[in-house]
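Colleague: If you want the building blocks of each chain, they are given just below.
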Amino acid sequence: MSAPSEGGAATGAAPDDGATVWHYDGVSALRRRARLLVEGDALVLVEDGVAGARVPIADLVPGHADAGAASFGLKGRPGWRIDFAGPVPPALRARLPGAVRYGGWVDRLGLWRAATAFAAVAAVVVVIVLRTPAMVARLVPASVERQLGETMVGDFGRRGCTDAAGRAALATLAHRIDPDAPRLEVDVVKLPMVNAVTLPGGRIVVFDGLIQAARSPDEVAGVVAHEIGHVRHRDVMEGLLRQFGLSVLLGGMEGHVGGYTNTILATAYSHDAEAKADGYAIQLLRDAKVSPLPTATFFDRLGRGGPGKAERMLAYLATHPVSADRARRFRQSALAGGYAPALAPAQWQALRGICRGDTDRIDWRF
Amino acid sequence: MTDETRAEPRAFRFRGTWQDYAPIAFTNLLLTIVTLGIYSFWGRARTRRYLWSRTIFIDDRLEWTGTGLELFVGYILAFLFFVLPFGIINLVLQGVLMRGHQGAAALLVGVLYLIALFLIGVARFRALRYRLSRTLWHGIRGGSDRQGVAYGWSWFWRSLVATLTAYLMMPWSMARLWNERWNTMSFGSLHFRSDARWQPVFGRFMLFYLAPVVLFFAILAMIAIGIGAGMMAGIKPGAPPPAGAIVTFALLGIAFYLVFFGVLGVIAAAFFSAFFREAVGATSLGDLEFGFEARTMDWVKLFVGNYALVIFTFGVGYIFVPYRNWAFFIRHLAAYGSVAIDTLTQSQTRAPGQGEGLLDAFDVGAF
Ligand SMILES: [Zn+2]
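Same order as they appear, the protein sequences are chains A and B.
Sequential numbering from 1 applies to the first sequence in the working numbering.
Sequential numbering from 1001 applies to the second sequence in the working numbering.
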């Protein structure tokens, strides 16, 4: 039992300036029925005619509105409670702090205004997270990106196909498309997927499946030029930064909601990167006097899906969404003439045989 | 409610309704979306506040005193100390694999798995401690004097033993861990006691253990019969089968799939219902004995209901799943005996500062 206070004068109070409450003192589990009276800026709990200690109203901690019944705690006294059995008398309610419902900010602003404000902030944050990687990626030194690439993918692709004539043809092709890039690394790996990727660190890896699926060196040239676009725009670094930013930002969302949103935002943006890489590729091809028409035809073929090779074709579609628009863009960039093949017929044959002597060098053992 | 019509009133009663909870669920969803998920911690606290406040034990309701901020801080800490390092290690692992050092990669994965196993044990302990410490009844809260490290080790080696014995010792591991967890918990001045045994649930476990094998061979036999029938119907190997046969086979495949997981699900529910009856029934607090009365079909109804709720509302119904789970839990929870109110005093355990962050990180349940 709580000790009766010394100055307990509050007996015989009028019934309308108080209320009947249940009281727990937070020390024992005893449930007490008490009469609650207001004395100035404090409350007094009267039990069996004996008044307890004065409780400053300012120290009351309001309970939650969802709890169903009005309830108050006391600052610094865990477990101390007064619970109103019925509705709080209006005169008393005006003196007591209001209940909390959603949490601080939302309660202060009101649900709808808070939701609107949060949505606006969220939109700004998403835009920042989507846009900053592009700027930050350009600030990351090339050496750091190369180091990151080494950590993530090791020398994958560097142990590519080794046929000497084929490698010479590949070097010729790369130099033909982009003569100003002495450090450009392009490799072919013996994997059957129709695909080409740019790895972190700016290394381009073309899969042998793509070379076999191509009908002319100009088609390979178009794909490699597109990947060079990714290298120049630091798209891989940007993508890594964006993925990281989004996963931190959306990490708080419950499992799959965050996952979906992340994927949607990431792919929505990579279309933009694809379009820019295409623009760069078109410029490279024009400078190199390689016709863009075969590349357009190649995209058309991919879009239709090769006969019986659907799943291999899909590899390129998954990483580089092919649309009719992309093919059209390459086609429209074509000039009247003045084009020369990207490689001479003999070199093209050598490139097609670049993996001739190689077995599957990458062991996908796990 | 049926509770009121019984001659003997139940110690635990749940007075919530889904109509009452719906405004909370939908505003939580709205605020979670517009804050890119950050509000979900406050939303979860709000949901618990509602569920606890509608739960009556003997003569008064429970109160949830945990806050969204605690859960948020717990999540941030778990992210900094566990998710981020694991993510970086994962990045390194990718590089190691790409370089072709499969041995090193396997070793790294193995070590990571063992560390994670230990941490999950600690997380489960701390989640239960956190929930008890934020549960108030008659102004009294629960808690534990332990930090969960000892439990983490126990969880670690018992889980390993269970795995190494081809999961045959799983019931033993589960029962012992339940006891170990609850025997260090208290509510106010009273200590929980639990002596759950694995022997009573082992039969049901063997049913669960052997069912996939039996089902697998049964389905194999059915397929053999199906192929036999197909041959008789004149399908030649090599020639494309008629469209009707393909559709029939596809439908049969789906049916087999549903039967396989349906039967397995029911058997799993049979095991879990037996385990919970044993474990909760072996737990006591002072003079209070607990019991859990859900039968296998109750569990099946809960899970089927939850799945249907999520699927037929395209996922939105997910916001009602915590409500359904809690209502199920409380409506089947029983208590016998008495609480000596005048000797029950406030818990002297240290209340943990933050929420279930680590548990969130590993995405496992608390009880
Ligand atoms: Zn691309």
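Derived from the structure by calculation, the hints contain no laboratory data.
Where a beta carbon is used, it is the ideal one built from N, C-alpha and C, also for glycine.
Watch out, some of these pointers could steer you wrong.
[Claimed, not checked] To be clear about the criterion: a stretch of chain A counts as covered by chain B if any three or more of its residues have a C-beta under 8 Å from a C-beta of chain B, and this derived list gives those stretches:
no., segment
1, 29-41
2, 106-115
3, 328-335
Colleague: Decide, hint by hint, whether the structure agrees.
Modeller: Status of each hint after checking the structure:
Counting residues of the segment 29-41 of chain A whose C-beta lies closer than 8 Å to any C-beta of chain B gives 3; at least three are required, and the coverage claim holds. By the rule of at least three residues with a Cβ nearer than 8 Å to a Cβ of chain B, the coverage given for the segment 106-115 of chain A holds, with 4 such residues. With 0 residues bearing a CB less than 8 Å from a CB of chain B, the segment 328-335 of chain A misses the requirement of three and the coverage assertion fails.
In the structure shown, a violation is registered for the earlier hint numbered 3 alone.
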